[in-house]
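Participant: Protein chains in written order, with numbering that gives the first Met the number 0: chain L, 0 to 340; chain Y, 0 to 253.
Calculated from the structure, these hints are not laboratory results. One thing to keep in mind: the hints can contain errors.
[Claimed, not checked] To give a feel for the contact side, a few chain L residues facing chain Y, derived at Cβ under 7 Å:
hint, residue
1, P29
2, E34
3, L38
4, L189
5, R190
6, D192
7, A202
8, A206
9, L209
10, A212
11, V213
12, G214
Note that the Cβ used here is the ideal one computed from N, Cα and C, for glycine as well.
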Amino acid sequence: MTDRTVSTGLWNRLTWWLVALVFLFFLTLPLWFHEEYYLHALVNVFIHSMVAIGLRLLWRTGLVSFGTAGFIAIGGYAAGLLSRDLGISFWLSLPLGGCAAAVFAIAIGIPTLRLKSSYFFLISWATGEIIRLSFLYLFIPVFGGWQGFRKIPSPDTIIIPGILLIDFSQKVHWYYLALFLLCVSVFIMLRIDYSRIGTTIGALFDAPDLCEAVGVPTMAYRVFAFATACFMAGVAGAVYGSFNTFLHPESFTIIQSIETVSYVIIGGASTVWGPILGVFVVKGIAMGVRGIGAYEIILSGALMILVMIFIPEGLSGLPRRIRRYVTRRRVKESMETQHGD
Amino acid sequence: MATEPLLETRGLVKKFGGVAAIDMLDFHVEDGEILGVIGPNGSGKTTLFNVITGFLSANGGHVYLRGNRITNLSPHRIAKRGIVRTFQLNLLFRSLTVLENIRFGYHLHRENGVFGAFFNTGPTRREERAITERAEEVLVATGMADRREQLAGELSYGWQKTLTLAIGLAARPRLLLLDEPLTGISPTRVAAIAGLITNARDSGTTICMIEHNVNLLMDLCDRIVALNFGRKMADGLPDEVTRDKTVIESYLGG
Chain L
0 MTDRTVSTGL
10 WNRLTWWLVA
20 LVFLFFLTLP
30 LWFHEEYYLH
40 ALVNVFIHSM
50 VAIGLRLLWR
60 TGLVSFGTAG
70 FIAIGGYAAG
80 LLSRDLGISF
90 WLSLPLGGCA
100 AAVFAIAIGI
110 PTLRLKSSYF
120 FLISWATGEI
130 IRLSFLYLFI
140 PVFGGWQGFR
150 KIPSPDTIII
160 PGILLIDFSQ
170 KVHWYYLALF
180 LLCVSVFIML
190 RIDYSRIGTT
200 IGALFDAPDL
210 CEAVGVPTMA
220 YRVFAFATAC
230 FMAGVAGAVY
240 GSFNTFLHPE
250 SFTIIQSIET
260 VSYVIIGGAS
270 TVWGPILGVF
280 VVKGIAMGVR
290 GIGAYEIILS
300 GALMILVMIF
310 IPEGLSGLPR
320 RIRRYVTRRR
330 VKESMETQHG
340 D
Chain Y
0 MATEPLLETR
10 GLVKKFGGVA
20 AIDMLDFHVE
30 DGEILGVIGP
40 NGSGKTTLFN
50 VITGFLSANG
60 GHVYLRGNRI
70 TNLSPHRIAK
80 RGIVRTFQLN
90 LLFRSLTVLE
100 NIRFGYHLHR
110 ENGVFGAFFN
120 TGPTRREERA
130 ITERAEEVLV
140 ATGMADRREQ
150 LAGELSYGWQ
160 KTLTLAIGLA
170 ARPRLLLLDE
180 PLTGISPTRV
190 AAIAGLITNA
200 RDSGTTICMI
210 EHNVNLLMDL
220 CDRIVALNFG
230 RKMADGLPDE
240 VTRDKTVIES
250 YLGG
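Next comes chain Y alone, as it looks inside the complex (with noise of 0.2 Å):
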């Protein structure tokens, strides 16, 4: 069954007012790659991201997990199903310390339903250590460990980005879908973090990256899609997608 791809699009379409922002995409993800999504502004990459994880429905047209169809179902069903997203924006739970935000990324891991939380059961006390514990993990490897009771809405605006992906991290998903994870990372950080993406991806994690730093997307990504009006302009190597001439005149800039 290796020919079945983790993601796949068929068909697609989200319309706005009649605007389709998507339109008839047929897109996949292929099991354990770094995929990056280019393109300009308005190109209907977020409103792909959306439509796939089911915060906005679509108006046509399928999402396939593994041949599954879950199209328009609820988020935090497909999140259960093994995708999870970041957002742009640093959506974060800007009241809860950083750690306690991180911990949220393995709401899908507990296996101690919310009685066991009522009660203070027993395994539910062991659960929630073991979670604290691998939080601490991920605090360590995303260089945020003195910044673990600050509370994420007091962190700069590079270090909540790095703690949106930290939670990403933190869930194991199947498929990571990344909104723009490196925009507004200081410079000196953005291999460290780019080395993150690498690793979870080794660990088995397959990835897929809005992203406007194409450089740094050469040396992350497997393959790389452009999207230009909601539709699928160039998808390939890194190299050839670069070298594309309408990729080149309508993103890149001659």
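Chain L extracted, bound-state conformation (with noise of 0.2 Å):
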């Protein structure tokens, strides 16, 4: 028992040495990188991070959103609407984007969190696709229809004068905000994983039963991590907006919903490093390899078929399972020279 503890805390460890090498590696990166692709790219894939670890804590209960890309949908045109149209700054325009997907979540959620996983599923989806046709097809002349949701404004430019200027209008600036909301999406989580709300969370997927005949408010949990989610991909919505400065109905399909589920899946929901790790490995195979960009969806499943075949915990649970591999091995060396003896 004390050896699994100990070697637990030394695995601790090494995962915080990784994240802090990793955190300044990208913290840096811009410094001595400059090509503005892939800095693109990389805001992309902190927004998409966003998202999944959103996703993961709805995971944890035991239930899945496959209409992820509406809530990220509503909180970019919620967003949009009150910086374009209303003259709302940017910066609360971004959290008020995150709300309006979490008030509608919790609206969803109330009356469908009680279901079985299998039929919350399917409303889930359902529920991506009225969003998006709504935005496809309802008050045209304010979300634009097919012809888009266009002049999304940057954020307002922050200046402390002679020290810093920053006003959206490189990519680098784009990359640290980015960088910036992703880190405090993973300092939320890690609180929540490191309360006891997190463990509650875990024990919801394990026995909500249990939980409710001791007093736990199961309902209560179940709607605020979907709500928690879908913040989460609101906020995600509103910077992907503010960022293109234009949003289409047609980039939040159940393709995108399905995608980020596979975050997770291909990353592992275990620790909150482990959908981010999904969402670097996806994309980044897709933009390592040229010309597979359309077929990227074909990927994530094909990835997402292999990693529950083989590694169900997800790859961030790989080491874990290699470590394990060893000690039985060397248990079992060591059992046979003792019968050699």
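From these two lone chains plus the hints, build me the complex, please.
Facilitator: As structure tokens, this is what we get:
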């Protein structure tokens, strides 16, 4: 028993060192790397990572949403409307976009989150599609319909005279905005994971009935997880919209939602780092192999199947699996040598 | 107000597709007793627990906790009012450790909210430490101290059963409903578990337990209720109930 806790402690420390190194790498990357194409791609990677770690929280309760793209769209359109048509600062419309998605999630979640996971999956799918089609066919003068939602303003300039000028005219500024938002999201998720809220969400997956029996309001936790996931999707959508100055409903199809789920499955849901790893792996391969762009969904689908068969706990569970294998080998070997004596 | 029982059902009915699993049942639990519930398979014992604790909704009649109607409230609300139950099928948080499982029992006694938990405030940290200490006491009392870091899913059947009881004991409810707490426990440990149940009663938790081991119930219980076809077949002192003709015919066997 003590052996196990010691090695887990060591493993935790290694993970944290690795995370710190990766963080430093991405923090300093723009200083010596200036290719706009890759910085642009990384902004998208960070935005997707935010969505993926949000979805992981819902996943941990034992539910999965296939409507995430719709909630990204709500965040994007809401923040876009607020900043373009009402002249509200981006820095305020960003969290408000997230809140819009969260409020919608709560409204959908309260009647549907008590259903079996397979029904919730279908309803979330339908919800995502309804949202997308609403932006396509309703209030066309406002949302733009097939023309898309245009001219979303950039964030207001941040000036500290003589020291700092961020006007979002360069990719680097977006890069740091997206990285900052991802760090905030990760921090929030870690706080949840390491508090009893996270433990309770894990317990909910194991035995919802026992949770209820000891007085845990399971519905409240489910709604909280769904709302948080959608809040992050909404914030991601708000950044995405402003970054591209343009939103089109066809960017938010079921394919997008499925891909978000694939990040969680491929990377693994046991830690917050898993889904981020998933995004990096899928987007990394898609970026690295030229001409794969259009086939990205096939790639993530194939990866998802492979991971589910060979490493059900996701890529982030791979080191643990290897370690367990090595320990078993060692035990076996030592037993054999003992027999030899 | 001593006349008002801790828990009472009046005319309780639960039907499954036309078949009444509980049929106009008047049932009560007195304050501070250990009540045994016996009866053949399918006589409605577990269904009764499920309806009392809100996991199933009643089709008729009502459940009262100290005179307050609690029929069909959601399970966590009923738990909050002081009724905690265990499950027959060793329902546990299988991917959590034994200690973490027991810590869940204290959920109702937490005073710090989720915001305190999120920001890991001083009071929350103190409370979590206090909960761990109390959970350790339960670990020792239930004989699971050397299993504290083991995952609940990896325990043997008997220890899982003990753990479900430990969670219930940790919760220190007003009324603890135990669904077959002794089934599958190794004979050498039965006396210890029975002792835990008696101790819980002595420290203020009323116990109502479903159990098939009638010999054990004879020693442990203050009163026994026998159910059959969702109705009360007998209700009284252990001696009376086990000597009751209908009980012998339909359950205990000649």
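Participant: Are the hints correct? Go through all of them and say.
Facilitator: Okay, the hints, checked on the actual structure:
1. P29: 32 Å, violated
2. E34: At about 39 Å, which exceeds the 7 Å cut-off, the nearest Cβ of chain Y leaves the hint on E34/L violated.
3. L38: 33 Å, violated
4. L189: 11 Å, violated
5. R190: 5 Å, holds
6. D192: Constraint on D192/L not satisfied, violated at 11 Å.
7. A202: Cβ of A202/L sits 5 Å from chain Y, so the hint holds.
8. A206: 5 Å, holds
9. L209: Status holds, d = 5 Å.
10. A212: 5 Å, holds
11. V213: Status holds, d = 5 Å.
12. G214: 4 Å, holds
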